[in-house]
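*Asks:* Each chain, written out:
There are 2 protein chains.
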Amino acid sequence: MRYDLYYWPTIQGRGEFVRLALEEAGAEYVDVAREPEARGGGEAALIAMLDHVSGGHVPFAPPILKAGRQVIAQTANILFFLGPRLGLVPRAEATRLWAHQLQLTIADFVSEVHDVHHPISGSLYYEDQKREAKRRAEFFRRERMPKFLRYFERVLEGNRRSERYVLGARLSYVDLSLLQLVEGLRYAFPRNMKRHERHCPRLISVHQQVMTRPHIQAYLESERRVPFSTEGIFRHYSELDSASKTRKRK
Amino acid sequence: MRYDLYYWPTIQGRGEFVRLALEEAGAEYVDVAREPEARGGGEAALIAMLDHVSGGHVPFAPPILKAGRQVIAQTANILFFLGPRLGLVPRAEATRLWAHQLQLTIADFVSEVHDVHHPISGSLYYEDQKREAKRRAEFFRRERMPKFLRYFERVLEGNRRSERYVLGARLSYVDLSLLQLVEGLRYAFPRNMKRHERHCPRLISVHQQVMTRPHIQAYLESERRVPFSTEGIFRHYSELDSASKTRKRK
Numbered sequence: 322m323r324y325d326l327y328y329w330p331t332i333q334g335r336g337e338f339v340r341l342a343l344e345e346a347g348a349e350y351v352d353v354a355r356e357p358e359a360r361g362g363g364e365a366a367l368i369a370m371l372d373h374v375s376g377g378h379v380p381f382a383p384p385i386l387k388a389g390r391q392v393i394a395q396t397a398n399i400l401f402f403l404g405p406r407l408g409l410v411p412r413a414e415a416t417r418l419w420a421h422q423l424q425l426t427i428a429d430f431v432s433e434v435h436d437v438h439h440p441i442s443g444s445l446y447y448e449d450q451k452r453e454a455k456r457r458a459e460f461f462r463r464e465r466m467p468k469f470l471r472y473f474e475r476v477l478e479g480n481r482r483s484e485r486y487v488l489g490a491r492l493s494y495v496d497l498s499l500l501q502l503v504e505g506l507r508y509a510f511p512r513n514m515k516r517h518e519r520h521c522p523r524l525i526s527v528h529q530q531v532m533t534r535p536h537i538q539a540y541l542e543s544e545r546r547v548p549f550s551t552e553g554i555f556r557h558y559s560e561l562d563s564a565s566k567t568r569k570r571k
Numbered sequence: 322m323r324y325d326l327y328y329w330p331t332i333q334g335r336g337e338f339v340r341l342a343l344e345e346a347g348a349e350y351v352d353v354a355r356e357p358e359a360r361g362g363g364e365a366a367l368i369a370m371l372d373h374v375s376g377g378h379v380p381f382a383p384p385i386l387k388a389g390r391q392v393i394a395q396t397a398n399i400l401f402f403l404g405p406r407l408g409l410v411p412r413a414e415a416t417r418l419w420a421h422q423l424q425l426t427i428a429d430f431v432s433e434v435h436d437v438h439h440p441i442s443g444s445l446y447y448e449d450q451k452r453e454a455k456r457r458a459e460f461f462r463r464e465r466m467p468k469f470l471r472y473f474e475r476v477l478e479g480n481r482r483s484e485r486y487v488l489g490a491r492l493s494y495v496d497l498s499l500l501q502l503v504e505g506l507r508y509a510f511p512r513n514m515k516r517h518e519r520h521c522p523r524l525i526s527v528h529q530q531v532m533t534r535p536h537i538q539a540y541l542e543s544e545r546r547v548p549f550s551t552e553g554i555f556r557h558y559s560e561l562d563s564a565s566k567t568r569k570r571k
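In order, the protein sequences belong to chains D and F. First residue of the first sequence: 322, per this note's numbering; consecutive thereafter. First residue of the second sequence: 322, per this note's numbering; consecutive thereafter.
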């Protein structure tokens with residue numbers, strides 16, 4: 322099966338979670354909007370996909386996956402679909418739902434990461450909501466970032482079958498997404514991430530393991546990997562990464 | 322199968338999407354935290370569930386559904402699990418994924434509704450982020466609210482098999498969630514919702530149809546339905562519902 326992925330061509334964004342799964346599995350896929358316009362690619366192809374979808378399954382936003390005649394949107398939903406097809410999740414329903422639950426929690430975390438630099442509106446520039454962003458960032462660094470990181474650490478602790486993966490004794494797409502989460506947080510919040518990492522050694526160990534997998538390593542070093550930037554979801558603005566106040570929690 | 326739902330007892334919140342599905346199906350369920358503490362209920366039971374979960378499937382946040390030995394969190398994930406068991410979604414995989422994609426888009430909308438009154442932090446009172454909330458609300462009313470509403474209208478338009486439901490010719494849990502969405506928006510943004518409703522007649526018609534279903538009607542009139550309030554996700558603050566500026570979009 323050949324897969325067509327439709328996502329913004331110049332950022333990692335939410336599409337990256339899908340790209341990592343396709344790359345690890347060595348799947349045959351086209352990152353459509355990154356193809357030249359002359360070959361039916363570019364943003365135009367993505368926009369067309371948002372506007373005209375066969376069968377009435379209209380997506381609200383990218384990423385969008387086309388698999389034969391099926392058109393699927395919502396990142397976690399795409400991974401739920403791809404997981405068993407790419408051998409990146411066990412087949413038992415209960416395990417698939419657990420993997421999906423974790424992926425949805427990663428999605429919630431990623432949304433909060435986005436809203437740190439865009440607390441007022443996605444249609445305003447960061448510079449036009451910088452004051453609010455600085456205020457939101459303070460709570461993000463002090464409360465949300467450690468809460469999510471410790472949650473995933475606790476989940477890893479609960480996996481008695483392996484210290485290398487989040488589900489049982491094999492790699493799953495959730496591990497790939499955790500890799501992206503750690504990479505993104507290290508890029509966006511290097512100062513705070515350094516401080517938090519010592520409280521989530523298992524998560525960091527999963528990150529290290531996944532980084533050395535041949536397909537992932539090759540992908541990350543290739544031109545297919547879009548670099549991090551202040552256009553994406555994970556953004557580095559040093560004013561949002563200052564040392565957290567040590568005020569005690571209520 | 323008896324289901325145990327764990328959710329905050331005094332608000333509708335995200336748990337309401339699950340309650341509506343269980344109620345419509347006439348399922349046997351206990352809304353655990355709404356039971357008296359003496360009978361193992363109350364918030365204490367919910368907190369205990371968040372802290373101690375068997376089998377390592379730790380939830381990040383409520384709602385949480387217990388079905389036999391399975392413990393499932395994330396609202397859309399719970400509905401994905403319950404859908405076929407309660408006869409509230411067709412069994413074909415492609416249709417289940419489409420229903421789920423819509424549910425995840427509803428979840429995104431609901432998160433944005435929440436962040437209108439809490440743009441800085443969930444751990445601050447509304448009054449302590451009111452200025453930012455007013456600014457965010459302006460963009461929400463002018464851009465996000467119509468964008469989501471028109472999206473669901475377009476989805477309903479795309480269903481050639483019925484004008485009454487979102488999937489094919491039968492009620493699904495997505496219709497129940499759309500009911501809650503319309504109810505919530507009417508409560509929180511009555512002034513703006515009135516203006517937007519004329520652009521989404523199909524959505525309003527689904528709402529009307531679902532409201533008159535015997536189980537739903539009985540539930541909404543019962544004491545089991547927690548009322549809307551300024552403690553929940555949909556909150557009415559008149560200053561956030563003022564008439565939108567008519568500034569043209571770029």
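Do not rely on the hints blindly, as some may be mistaken.
Any copy, or any two copies together, can satisfy a pair, since identical chains are not distinguished.
[Unchecked claim] Heads up, simulated DSS-like pairs for lysine-lysine below, C-alpha to C-alpha not over 27 Å straight-line:
#1 Lys387 x Lys515
#2 Lys515 x Lys455
#3 Lys468 x Lys451
#4 Lys387 x Lys455
#5 Lys387 x Lys451
#6 Lys515 x Lys451
#7 Lys468 x Lys387
#8 Lys468 x Lys515
In short, the hints are calculated from the structure, not lab data.
*Asks:* From the Cα coordinates, with 27 Å as the cut-off, is the pair Lys387 and Lys515 best called within, between, both, or neither?
*Replies:* neither (39 Å within a copy, 37 Å between copies)
*Asks:* State whether the alpha carbon distance between Lys468 and Lys451 is at most 27 Å within one copy, between copies, both, or neither.
*Replies:* both (24 Å within a copy, 25 Å between copies)
*Asks:* What label fits Lys468 with Lys387 when the C-alpha limit is 27 Å: within, between, both, or neither?
*Replies:* between (35 Å within a copy, 24 Å between copies)
*Asks:* Please sort Lys515 with Lys451 into within, between, both or neither, judging by C-alpha distance up to 27 Å.
*Replies:* within (24 Å within a copy, 33 Å between copies)
*Asks:* Checking Lys468 and Lys515: alpha-carbon separation at most 27 Å within a copy, between copies, both or neither?
*Replies:* Result: close within a single copy only, 15 Å intra versus 39 Å inter.
*Asks:* My question is about Lys387 and Lys455: at a cut-off of 27 Å on alpha-carbon distance, are they close within one copy, between copies, both, or neither?
*Replies:* Neither way: Lys387 and Lys455 sit 39 Å apart in one copy and 40 Å across, limit 27 Å.
*Asks:* With identical chains treated as interchangeable, where does the CA-CA distance between Lys515 and Lys455 reach 27 Å or less: within a copy, between copies, both, or neither?
*Replies:* within (20 Å within a copy, 35 Å between copies)
*Asks:* For Lys387 vs Lys451, is the C-alpha pair at or below 27 Å within one copy, between two copies, both, or neither?
*Replies:* The answer is neither: 37 Å in one copy and 43 Å across copies each exceed 27 Å.
When held up to the earlier numbered hints, the structure conflicts with 1, 4 and 5 and fits the remainder.
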